[in-house]
Each structure stands twice: as C-alpha cells, then as structure tokens.
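Build the full structure now, drawing on both the sequences and the hints.
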Amino acid sequence: MSRKDTGDIVFRRLMMFFACMILVIVAGILFELTRSSLPSIRKFGFSFLFTSTWDPVFEKFGALPFIYGTLLSSFVALLLAIPIGLGTAIYLAEYSPWWVRNTVSLLVDLLAAIPSVVYGLWGIFVLVPIMRNHVEPFLGKYFGFLPFFQGPQYGVGMISASLILAVMIVPFIISVSREVILAVPQVYKESAYAMGATRWEALISIILSYGRSGIIGGIILALGRAIGETMAVTMIIGNNVKISASLFSPGYTLASVIANEFTEATSDLYLSALVEIGLVLLFVSIFVNVIARILIWSVQQKQLSGMKAKLQAI
Amino acid sequence: MLKKISVILAALGVTATAFAAPMLINGAGATFPYPIYSKWFDVYQSINPDARFNYQSIGSGGGIKQITAGTVDFGASDGPMTDQQLADAPGRLFHIPMVMGAVVAAYNLPGVDKGLKLTPDVVADIFLGKITKWSDPRIVSVNSNRQIPDMPIIVAHRSDGSGTTFIWVDYLSNVSGEWKLKTGKGTSVNWPVGLGGKGNEGVAGIVKQTPGAIGYVELSYAIKNNLPYAFIQNKSGNFIEPTIESTSKAAAGVSIPSDFRVSIVNSPNPEAYPVSGFTWILVYKNQSDPVKGKAIVDFLKWAVHDGQQYADSLLYAPLPEDVVAMIDKKLQEIKY
Numbered sequence: 052m053s054r055k056d057t058g059d060i061v062f063r064r065l066m067m068f069f070a071c072m073i074l075v076i077v078a079g080i081l082f083e084l085t086r087s088s089l090p091s092i093r094k095f096g097f098s099f100l101f102t103s104t105w106d107p108v109f110e111k112f113g114a115l116p117f118i119y120g121t122l123l124s125s126f127v128a129l130l131l132a133i134p135i136g137l138g139t140a141i142y143l144a145e146y147s148p149w150w151v152r153n154t155v156s157l158l159v160d161l162l163a164a165i166p167s168v169v170y171g172l173w174g175i176f177v178l179v180p181i182m183r184n185h186v187e188p189f190l191g192k193y194f195g196f197l198p199f200f201q202g203p204q205y206g207v208g209m210i211s212a213s214l215i216l217a218v219m220i221v222p223f224i225i226s227v228s229r230e231v232i233l234a235v236p237q238v239y240k241e242s243a244y245a246m247g248a249t250r251w252e253a254l255i256s257i258i259l260s261y262g263r264s265g266i267i268g269g270i271i272l273a274l275g276r277a278i279g280e281t282m283a284v285t286m287i288i289g290n291n292v293k294i295s296a297s298l299f300s301p302g303y304t305l306a307s308v309i310a311n312e313f314t315e316a317t318s319d320l321y322l323s324a325l326v327e328i329g330l331v332l333l334f335v336s337i338f339v340n341v342i343a344r345i346l347i348w349s350v351q352q353k354q355l356s357g358m359k360a361k362l363q364a365i
Numbered sequence: 003m004l005k006k007i008s009v010i011l012a013a014l015g016v017t018a019t020a021f022a023a024p025m026l027i028n029g030a031g032a033t034f035p036y037p038i039y040s041k042w043f044d045v046y047q048s049i050n051p052d053a054r055f056n057y058q059s060i061g062s063g064g065g066i067k068q069i070t071a072g073t074v075d076f077g078a079s080d081g082p083m084t085d086q087q088l089a090d091a092p093g094r095l096f097h098i099p100m101v102m103g104a105v106v107a108a109y110n111l112p113g114v115d116k117g118l119k120l121t122p123d124v125v126a127d128i129f130l131g132k133i134t135k136w137s138d139p140r141i142v143s144v145n146s147n148r149q150i151p152d153m154p155i156i157v158a159h160r161s162d163g164s165g166t167t168f169i170w171v172d173y174l175s176n177v178s179g180e181w182k183l184k185t186g187k188g189t190s191v192n193w194p195v196g197l198g199g200k201g202n203e204g205v206a207g208i209v210k211q212t213p214g215a216i217g218y219v220e221l222s223y224a225i226k227n228n229l230p231y232a233f234i235q236n237k238s239g240n241f242i243e244p245t246i247e248s249t250s251k252a253a254a255g256v257s258i259p260s261d262f263r264v265s266i267v268n269s270p271n272p273e274a275y276p277v278s279g280f281t282w283i284l285v286y287k288n289q290s291d292p293v294k295g296k297a298i299v300d301f302l303k304w305a306v307h308d309g310q311q312y313a314d315s316l317l318y319a320p321l322p323e324d325v326v327a328m329i330d331k332k333l334q335e336i337k338y
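From first to last, the protein sequence lines stand for chains A and B.
Each residue of the first sequence is one higher than the one before, counting from 52 in the working numbering.
Each residue of the second sequence is one higher than the one before, counting from 3 in the working numbering.
One or more of the hints may lead you astray.
To be verified - 16 Å max Cα-Cα, derived EDC-like pairs, lysine to aspartate or glutamate:
#1 B:K184 - A:E110
#2 B:K287 - B:E335
#3 B:K182 - B:D138
#4 B:K294 - B:D52
#5 B:K296 - B:D330
#6 B:K182 - A:D106
#7 B:K332 - B:D300
#8 B:K119 - B:D138
#9 B:K287 - B:D330
#10 B:K182 - A:E110
#11 B:K184 - A:D106
#12 B:K41 - B:E335
As the list claims (entries may be wrong) - Restraint-style ranges between C-beta atoms, simulated for each label pair:
#13 B:P213 - A:T104: 30 to 40 Å
#14 B:S137 - A:K111: 49 to 59 Å
#15 B:K210 - A:I294: 22 to 32 Å
#16 A:I80 - B:D90: 50 to 60 Å
#17 B:D90 - A:I135: 45 to 55 Å
#18 B:P139 - A:G96: 40 to 50 Å
#19 A:K293 - B:P213: 14 to 24 Å
#20 A:K94 - B:M25: 28 to 38 Å
#21 B:T134 - A:N184: 13 to 23 Å
#22 A:L197 - B:D90: 49 to 59 Å
Since the hints were derived computationally from the structure, they do not count as laboratory data.
From the three backbone atoms N, C-alpha and C, an ideal C-beta is built for every residue, glycine too.
Now the structure itself:
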C-alpha cells in the first residue's frame, strides 16, 4: 500500500532536520550563555538575583534593579496596549467599512515595521518634551497622592519608556486579535443575536469565549517583544540603576544594560556578569511565557469543568 | 597535466595580486579620537599609498581587548591600561599619546551663558548628589555677577563605558576623597545620581533638553551643540575656560613617565584646564610583521609631527613639544 518513494523520505527527513535545528540553536544559546557567565555565577551565586548594586569599579554586580525595570516597563506597556489594541481590533473586524479596515491594517503593519532606533529618536525629540511639560505635571497634580506619580519629573523615565513600548507592541495585539475575531464563525454571532443580545454584548461574549486563546497568544507575543526591546527603551528610560515606586523616576532594563556596557566591559568578571544578565533575561522571558500559558490552561480547565457541570445538570 | 598547469598558474596569479594589493593595517578602540584618526588616515593615504589603515571605533575597552587578543595591529584607548591588563598581553605594549581632549561640564540654565564658575568640591558634590539645587550658596557665592535661577540640579552621565567618563571620574577621584572611596574611577562606574545617556551625543541631548541639567561631554560636542559650559577652578586656584590652548597646557610641566601612562587631570600648570587627558594608541614593542611594523611606526611619527596641524580644526588639542620629543625616542624602541 505505502510505496517507499525516495522523495517522500528525503522530504520528511529534511523537515525533521529543520525542526531539530531549532532545538539545537536554543540549546546552543543556553549552553554558551551559561559557559560565559560561569565566573560571575561562581562568584555571586543566587544573590545575583537579589542584589541591587551594579558597581563595575569595585566589581559588585546584582541584577535586581534590571529585573524590576524590565518587568515593570513591560507590564505597564501591556496595561496600556491591551485595551487600545483589542478595541482597535474589534472596531476593524466588526464595525469598520472595508476601506477603513484595509488602510488602518496597512498602517498598523507599518507601525510594527518601524525600527526600534527610530522609535527611540521620536521618543527623545517628541515624546519626552510632551511628557515633561504637559503629561507628567498633570498626573503629578491630580494623582500625586498615589506613589506612582510622585517625585521629580524628568521627562525620561519609566512612564515614557512604557508608553513607547506600548506603541511598539500594539500592532502585534491588533493584527492577531483582528484575525481571530474575523475567524469567528458567523453562526455564533447569529445565535447570540437570536438570544436577544445587543451588538456589543454579542461581540464581548463571543470574543471572550471563542477567540480567547488566540488573543492571549497575541498578547504573549507582544509581551515577549516588550521584555526584549532594547534600543528604544535605553534611549528613553534614563538609565539609572535604582528601584523606585514612582513611574516618573528613571530606571534600567536587562536589555539596556547589556546594550550600553557590553562593548566597553574591561574585566572578565564584568563581562561575565553582563552575560549572566543575558541569561537572566532569557529565563525571565521563558518564565513569563510559562506563567501565561499556565494561566490560559487553568482558565480553560475551569471553563471545561463549568461546561461539564452544566451538561450533567441537564 | 593541463589541470596541474592551470592550478599552478592560478596560484601564481593569486599570489601576484596579493603582492600588488596595498597592505591593510587594522586598528580598533576609542570613539573620542575617531574623527581625527579618520582625517589622518585620509591625508596619509596620499603621502604613503602603500599602507591602508582601517579603524573601528568600538570603544576604549574594546580596543584594549582586541590588541591583547592580537586581532588588530594597533589599539586605541582614552584610559591607560592597568598593570594587570598589561601583564595579560602576550607582548610588551606601548602607549603612544596622539592628541589631547578636554571634558567640560555643560549645563542648561535659562539665562546663564557659558562661563559659570565651579570649584572642584562643588563639581564633586553635584555628581555625588549632595548639592541638589542651583541656588546652593556654594555655587552662588562664586558667581555673584550672575543671576542663577532656583532650579533643581539634574545630573547627566554616560550610560555606556567610555574614556570620556574615565577622564571625568579620574578628576573627581583626584579632587574628592569621598568620590574616590565611594565610586572610584573606571570607564564605567556606579553613579550615585543622575540620568544616563548613550554616547557623548546622549549626554549632550539630555542636557540640551532638560532645564537645570548638568552633564560632562567632550569639548567638541559642547561647542558643536552650542551648549554653555563651566569654567572650572584648577589646582592653582584660577577659573580656566576649557579651550584647545588650556588643554594643551595641562601636559606642559607635568612630569610624564616614559611609558606615557599618566593622568593629567588637575594639572599644577596655572593656565591649564583641569579636566584634560591624553588619548593613546597601543602598539606592541616587538612587531611580528616587519613591513606592517615599519608602516605603523612611520605613520605614528608623521601623526605626532605633521598630523598635529589638523587637530585644531577638529577641536582636539595638539601635543606639546616636549611630549613629542619623548614620543620620537619611544618610537625608536619599536622593533620590526
């Protein structure tokens, strides 16, 4: 029945080879990063993750301020990007005329293609003055009772960096969400209308159930980009190794410190500490991804058990 | 038979072209002197077309690393190599000073032009974070003829490792015991306060855009960006304007050791600007390739003599005469 065609065998082996290459590359990256950061791992151990000093002169290194900066800027960026991204996607998929949808989609793709450095330049010359002269004074005046909006207003800092990151990751959320919403079968929407749902009730309930995993996939993709983003962030975040509750204060991210200090790192321990920062960044990305997937899985489990319970009740 | 002949002919052809091609000499290192090195390579090309120079400005730290690893023919650095780094190198490395540069304190104070007078302890305390307002009596008392606005001081420094930083913190370590103890000197330090900008351009950008900011940049960047800069009090008590002349004076009269690894910050010369430094080219004493070795030495000799005329227009300070004489003697020690 199954003729052994050489073409088939070769094709299958070739595709398997490509898949294995990915594993090899990831393993290679992990191996090389660990090998180069061994001097630093041996010297600092786990305390590297909890120390706040970064002193190249006295050779005391710790990653905590950078981990804080990376996570804070990425999550604030997500907080800003998700409502805007989802809202735009829903509008494009459901409400907009075809010519608006196509034009805006094209512009969104262009936004995703703009290089990081260009975002950084735009940030320095346009965003930072606006933040320093208008937005931050406004936030400080009316919301200054919150610890997030206290302290001196430099213009550069965590909030500006988060804003730029939000602009950079919004296209990913929009593209993926739009595709997911467009892929919802018409019959679900019609069933919802038949039950008497209004337009927005129907959209929300369908999107939240049918499109959930796809949209969350897009959000995780966007989060991944935000965590690793280097150039734009390093130009806007102020590059100050400090942990502060205020969003106005400058900060530092894992990717930024590597970009800034790697070429000039003089001593071996300094270099190895920077490579260890790279390793930490890799693990932070993996960790966040894993947490997100566990979250999706647990929500799905709850949904499944909820449906089972309803079926049994019938 | 025919195959063998054609292979031999091809090999001869390749070697012939190898002989005809100009020799390529590779260097890498500091970003600060890159403009003048480019100019020199360009001009030297017409003097000696056989030698072609290629320079990658990857930073002083990179320059030191690459010359130690032997991947380049010469390195370049704004900060001298430490004894440990010299010991790690496979051969004996020479530091040859090329030009001098000044690091200035540029600021953004509405209504205050260049020439704000700052004493060394004030500069150190600003960068330590102890002086936080421009209206501090220690600043106002020395500048009684100026109207200084009451604004918070926003410090700007380099986020990347840099020779400019090295010269600046070398000066701060020299004039402030607290700075020396707490922060120390290096191409990258643990800054007590301030915003970090990438490159001289980054710091100049922060200062230009942020009212109340003060940051350190190379003199050429301050001039090109029209940034006002401070006159810092030198060791003799005079407030000196950073210029090409006052930078060159920083080396005159300072005892220069024979290996040229000297810091000339806070120079005792009464007309010297206190935050000046050399930038060096790093070459091995024993050159493995005699042709390249001769080409490098000839270029260096030309650069410290005829090349110095190009320094002014590019806003670098030329080497003083006595230093050039010492360099000539040193260059004769290079064996190729």
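Inset, instruction - Could you tell me which of the numbered hints above are not met by this structure, giving the numbers in increasing order? - result: Per hint list: 3, 12, 14, 16 and 20 violated.
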